[in-house]
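Chains A and B, in that order, are what the protein sequence lines are. Every letter in the first sequence is one number past the one before it in the numbering used here, and letter 137, counting from 1, is 288. Every letter in the second sequence is one number past the one before it in the numbering used here, and letter 56, counting from 1, is 207.
For the record, the hints were derived by calculation from the structure and aren't laboratory data. Bear in mind the structure is a predicted one, so any value in this text is a computation, not a measurement. Warning: the hint list may mix true and false statements.
One copy or any two copies: either way a pair holds, since identical chains are not told apart in the list.
Taking lysine-lysine pairs in the DSSO-like style, the calculated list, with each CA pair at most 27 Å apart, reads [unchecked claim]:
#, residue 1, residue 2
1, 247, 219
2, 536, 269
3, 195, 519
4, 519, 219
5, 247, 519
6, 247, 269
7, 444, 536
8, 403, 247
9, 403, 269
2 protein chains.
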Amino acid sequence: MSSTNLTFANRDAHRAWLASQARLPAGFRVGTTRFDFTPVEAPKPARMTITLIALDRPTPDFAAVFTKNAFPGAPVIVGRQRLAEPTLGAIVVNNKISNVCAPGGVATSERICAAAGKLLELAGTQVLPSSTGVIGWTLPEPAIVGGLPQAAAALASGSILPAAEGIVTTDLYPKIRRADLGGGSIVGIAKGAGMIEPNLATMLVYILTDLAVPRAELRAMLARVVEPSFNSISIDSDTSTSDTVVVVSSGKVPCADFAAFEAALADVCRDLAEDVVRNGEGVRHVIRVAVRKAASVELARALGKAVVNAPLFKCAVAGNDANVGRLVQAIGKHVGAHAPGTDLSRLRARMGGVEIFAQGVFQLDPTKEAALTSHLRGAELYTSKPTADGIFTATVDYPPHERCVEIDIDLGSGTAEATVFGGDLTHEYVSENADYRS
Amino acid sequence: MSSTNLTFANRDAHRAWLASQARLPAGFRVGTTRFDFTPVEAPKPARMTITLIALDRPTPDFAAVFTKNAFPGAPVIVGRQRLAEPTLGAIVVNNKISNVCAPGGVATSERICAAAGKLLELAGTQVLPSSTGVIGWTLPEPAIVGGLPQAAAALASGSILPAAEGIVTTDLYPKIRRADLGGGSIVGIAKGAGMIEPNLATMLVYILTDLAVPRAELRAMLARVVEPSFNSISIDSDTSTSDTVVVVSSGKVPCADFAAFEAALADVCRDLAEDVVRNGEGVRHVIRVAVRKAASVELARALGKAVVNAPLFKCAVAGNDANVGRLVQAIGKHVGAHAPGTDLSRLRARMGGVEIFAQGVFQLDPTKEAALTSHLRGAELYTSKPTADGIFTATVDYPPHERCVEIDIDLGSGTAEATVFGGDLTHEYVSENADYRS
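For reference, chain A alone in the conformation it holds in the complex (with noise of 0.2 Å):
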């Protein structure tokens, strides 16, 4: 669960809490610029945000990890290759087109970093792009270069917020958490909000600090940090192909414990990895499934996501049904398919604290059915209501709660323990991708 239990009145009291949360790191600077454009594969109007994250000053640590999707796009890719770089002194990233497989993708992505840091005095090989948006397109190279001079203009210190909201798509409200430890700070943004079962990942994070920890160290952090935070959380089981998460020190506050800095960003990963799932496309319930008692924390984290990506359950949630056989339906499958030997006899499964299931058979009654009913009721973010012509969008631009449907499977077989985070199947979900590009 959250390391936090926030609740929003409306949009106001989370937008005041965000900004009290947004204080950058020493050592970093933001600035955004936005823009109109028409794309060459469909001439109509688009709007593009560019998004700079500058360093005072360069620095060798820095940490990333990226999508596992067999078509990188053309950002992954050369991000992969600036892991090897000796230092990094920005970030550019760009909404609206995921530059994914688009023909002359990388050489355009390079020449966009290249423009960028000729307004930072960086070598292009010191600044790492992103792209987030429709797959297929071509980026508007020229407009994204001609715009780049105002970003850069607007670079300031103080707050992450415009970069928080300068990186969205279809997410409701910007995310950022942070953590502050040892006389510095660690402060995070995500990007969600479809597309997403990172592998790792299907969003843009970027996490920044102050706090001196060196490159393999962070890394190595990184890459603890990110499973059963990034890798346990899943909108649609879709993977994109330009999920990153980057970590960047500006080494500005000596780092006195390491140990307290991994559980700090731990912290951060977790709670912005939650913040991404309740910010999720058309997401009216989270879903925390925690596996407990399993032979392996891989089976525990496959089955946790195998009932979060279940769709027939996930259509239950938003309905508020407690239609509890359907979650026994996706444990059997995943168990079926992927763990055949597998001894379920011993599984026992809760909803909201609720046994529905031991001993091999339903344990069900009315009463009980009520309870579900009322602890999914309870979870719900915000109430279904279509417009007069059958669209369905969010009725909230904030969190209004952080609470989940908890679900607890033991499978009474092991000492493996894992938690994902899904959301339910909405008619949200499928307003906004039906029609998403135009």
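Got chain A sorted already, so can you dock chain B onto it with the hints?
Chain B only, in chain A's frame:
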């Protein structure tokens, strides 16, 4: 593609065609009965249909394949045992409740078989049970046993249509496919319509023939023909706990040509499988993915399923949005996760005959986008239209045509191929499944 290319202007035209296909093979009778009852776990009125399929004389020549879900329903557990019995005399099917992991479910199933057997002068072990519907609820055994005499009294040779209508749950229309050969026939019926990723399989399928094919040959043929038919479809990636495909021969007509019989059986299975997709819950587009020049049939089929199970691509298809970036994402996700050694540089992809991807990059322009949109519109089964309260239900109760969204993926690195069928992800699917039990 279907071996037929049918179109129907309305329900009556479709029902007339079904009636023309419905003649029972010699040696079989079917009868149904329907009654209201109250589920123990959810005290609301419900309706159940019992379908009996009886042979004039018990036959040793029957075959069946069942779900691989690790929580098989009680009828599947019993059905697997029946395969060892010397003869089969009848099949008893109920809809509405699936009898999965219900306390005492296997004993209940056996008692229902015994009661049906008694009416038909058979041992209970000569009766194959099937149940489909809500998982987790308990069968109303007294009501079922009480209804069996009426179903037995209704037994009639002539038409299989009552059985095709009796076994459905959320299906929009009955499904019948037949082949006439060698003086006999093969007639199959299928129940969809959700929790469909047969492995094998998410549905109930009964195929009756009067052609005499001995048990061993029949079982070997069934094992072969389910792979390119029922094991090559997916509505929602969910694997039911009740999937069952049964083939029964009454042996009334000598079979002179086993190869011709198997080819006809394969056609009936393929067409029924495609029917199940076409009538899948909320399906408004059937998506056919042909994967060619793959390293193995397994890779080809898994890649096809990855495409038809990619939620974002399915949503785009629902919206007649040629968002082929999501198609490539789905391919890349599968290959990245499951076949990372695959060389994708020779991948060529087409939609509706239009080349969209080759030589590592998208091949798109506004003319092609228009052609793709037109192809998607042409494959739409019906237009989505919500009711005033935002509930989406199918506006057809017959299959208007058999056109598909045609995806061709050429991996350029092998000789294997497979074709997979799936559906889009629509508001109708969500409406159906967020409120199925109430």
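Now the hints, each set against the structure:
For a Cα distance limit of 27 Å, the shortest separation of residue 247 from residue 219 inside one copy, 21 Å, qualifies, whereas the shortest one across copies, 42 Å, does not. Neither within a single protomer nor between protomers do residue 536 and residue 269 lie at most 27 Å apart by alpha-carbon distance, with minima of 49 Å and 53 Å respectively. Taking the shortest alpha-carbon separations for residue 195 and residue 519, only the inter-copy value of 15 Å comes in at or below 27 Å, while the best intra-copy value is 52 Å. Taking the shortest alpha-carbon separations for residue 519 and residue 219, neither the intra-copy value of 42 Å nor the inter-copy value of 29 Å comes in at or below 27 Å.
In this assembly of identical chains, residue 247 and residue 519 lie within 27 Å of each other by CA distance solely across copies; the values are 21 Å between and 46 Å within a copy. Proximity of residue 247 and residue 269 under a CA criterion of 27 Å is satisfied intra-copy only: 24 Å inside one chain copy versus 68 Å between copies. Proximity of residue 444 to residue 536 under the C-alpha cut-off of 27 Å is found in neither arrangement, the shortest distances being 40 Å within a copy and 47 Å between copies. Proximity of residue 403 and residue 247 under a CA criterion of 27 Å is satisfied in neither setting, with 34 Å inside one chain copy and 66 Å between copies.
For the identical chains of this complex, residue 403 and residue 269 are intra-copy neighbours only, at 24 Å inside a copy versus 85 Å across copies, given an alpha-carbon limit of 27 Å.
The structure does not agree with the numbered hints 2, 4, 7, 8 stated previously, though it agrees with the rest.
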